[in-house]
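Trainee: Given these sequences and hints, build the entire structure.
Taken in order, the sequence shown gives residues 1 to 288; the numbers are from full-length UniProt numbering.
To be clear, the hints were calculated from the coordinates, so they are not data collected in a lab. Just to be clear, a hint being listed does not mean it is correct.
[As the list claims (entries may be wrong)] Derived lysine to any residue pairs resembling SDA-like cross-links, with alpha carbons at most 20 Å apart:
1. Lys61 / Ile45
2. Lys169 / Glu142
3. Lys169 / Gly38
4. Lys91 / Asp107
5. Lys61 / Gly38
6. Lys91 / Gly160
7. Lys201 / Gln190
8. Lys36 / Gly106
9. Lys61 / Phe89
Fair warning: this is a prediction, and the values are worked out from it, not measured in the lab.
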Amino acid sequence: MQSKSFPALILIAILALVGSNSLYIVNETERAIKLKFGEIIDSDIKPGLHFKLPVLHTIRKFDARILTMDSRPQRYLTLEKKAVIVDSFIKWRIADVQQYYEATSGDELVAARLLAPRMDEGLRNQFGERTMYEVISGERDELMDELTVRLNTITQDELGIEIRDIRVKRIDLPPEVSHAVFERMNTERQREAREHRSEGKEIAEGIRADADRQRQVVLAEAFRESERIRGEGDAIAAATYANAYTKNPEFYSFIRSLEAYRNSFSSKSDVMVLKPESEFFNYMKKSQ
Numbered sequence: 001m002q003s004k005s006f007p008a009l010i011l012i013a014i015l016a017l018v019g020s021n022s023l024y025i026v027n028e029t030e031r032a033i034k035l036k037f038g039e040i041i042d043s044d045i046k047p048g049l050h051f052k053l054p055v056l057h058t059i060r061k062f063d064a065r066i067l068t069m070d071s072r073p074q075r076y077l078t079l080e081k082k083a084v085i086v087d088s089f090i091k092w093r094i095a096d097v098q099q100y101y102e103a104t105s106g107d108e109l110v111a112a113r114l115l116a117p118r119m120d121e122g123l124r125n126q127f128g129e130r131t132m133y134e135v136i137s138g139e140r141d142e143l144m145d146e147l148t149v150r151l152n153t154i155t156q157d158e159l160g161i162e163i164r165d166i167r168v169k170r171i172d173l174p175p176e177v178s179h180a181v182f183e184r185m186n187t188e189r190q191r192e193a194r195e196h197r198s199e200g201k202e203i204a205e206g207i208r209a210d211a212d213r214q215r216q217v218v219l220a221e222a223f224r225e226s227e228r229i230r231g232e233g234d235a236i237a238a239a240t241y242a243n244a245y246t247k248n249p250e251f252y253s254f255i256r257s258l259e260a261y262r263n264s265f266s267s268k269s270d271v272m273v274l275k276p277e278s279e280f281f282n283y284m285k286k287s288q
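Mentor: Listed below in structure tokens is the structure:
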């Protein structure tokens with residue numbers, strides 16, 4: 001019994017192996033072709049479960065999603081013969097599977113090597129037709145769109161590849177030019193700084209001069225006002241003294257004499273030489 005079941009198991013295993021090698025699946029994100037001894041017999045296999053003959057048929061699958069190729073920075077000349085270093089990338093996908101396979105053997109590295117010189121030539125031509133200002137800010141979007149359309153026409157005809165987008169990540173000046181530009185910018189900024197400082201000093205001098213003038217005006221007005229008040233006070237004092245003197249001239253004369261005595265005899269070191277009959281001693285003589 002066991003000798004009869006063993007060949008059956010072998011047969012089942014062989015059938016299972018053949019069946020597994022006869023079925024294959026193509027995902028939604030893939031494109032596939034069927035080869036018969038290296039010759040393409042089905043150039044666009046749709047996603048799903050499919051059948052093939054083992055050994056006789058070979059299935060090649062490729063990524064159908066949008067792929068990115070990051071290019072190395074390249075040196076280009078603008079319309080005015082100014083050198084720039086451009087760092088860019090390209091978005092692409094397979095448009096014609098058979099043509100893509102025939103041009104690249106289905107190898108993404110080969111496709112990148114074929115795309116790189118075409119993109120380099122396109123960028124070189126586009127930059128050579130525009131000025132520095134246009135490629136940096138003025139017409140960059142227009143440049144990229146035009147290059148995408150032109151390159152897409154070429155790659156679809158020659159490689160079966162559709163170019164979806166081309167973009168510039170960065171535009172730099174060459175190192176030897178960057179240093180000169182930096183020095184020129186530094187010199188320009190220093191010149192502007194000196195101009196601003198000189199303008200600031202001029203404004204500061206004007207402010208100081210105006211402040212000094214206002215100070216002098218304020219001091220002069222204050223002095224004039226103080227003299228006016230002092231004059232008014234002296235006039236009031238003089239009027240008060242005169243009024244008091246007219247009311248009692250003798251008393252006023254007596255008070256003035258006492259003040260004179262106090263001021264004259266306040267210091268023991270002072271010496272006065274007067275005649276005894278001088279009016280200065282009238283109230284001393286008439287002490288009663």
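Trainee: Could you run down the list of hints and mark each one as holding or not?
Mentor: Verification of the hints:
1. Lys61 / Ile45: holds (9 Å)
2. Lys169 / Glu142: Satisfied, since the Cα-Cα distance of roughly 15 Å is no more than 20 Å.
3. Lys169 / Gly38: Not satisfied, since the Cα-Cα distance of roughly 41 Å exceeds 20 Å.
4. Lys91 / Asp107: This hinted pair holds, its Cα atoms lying about 16 Å apart.
5. Lys61 / Gly38: holds (14 Å)
6. Lys91 / Gly160: Holds, because 14 Å separates the two Cα atoms, which is no more than 20 Å.
7. Lys201 / Gln190: holds (16 Å)
8. Lys36 / Gly106: Distance ~16 Å between lysine 36 and glycine 106 Cα, so the pair holds.
9. Lys61 / Phe89: violated (25 Å)
Hints 3 and 9 from the list above are not met by this structure, while the remaining hints are.
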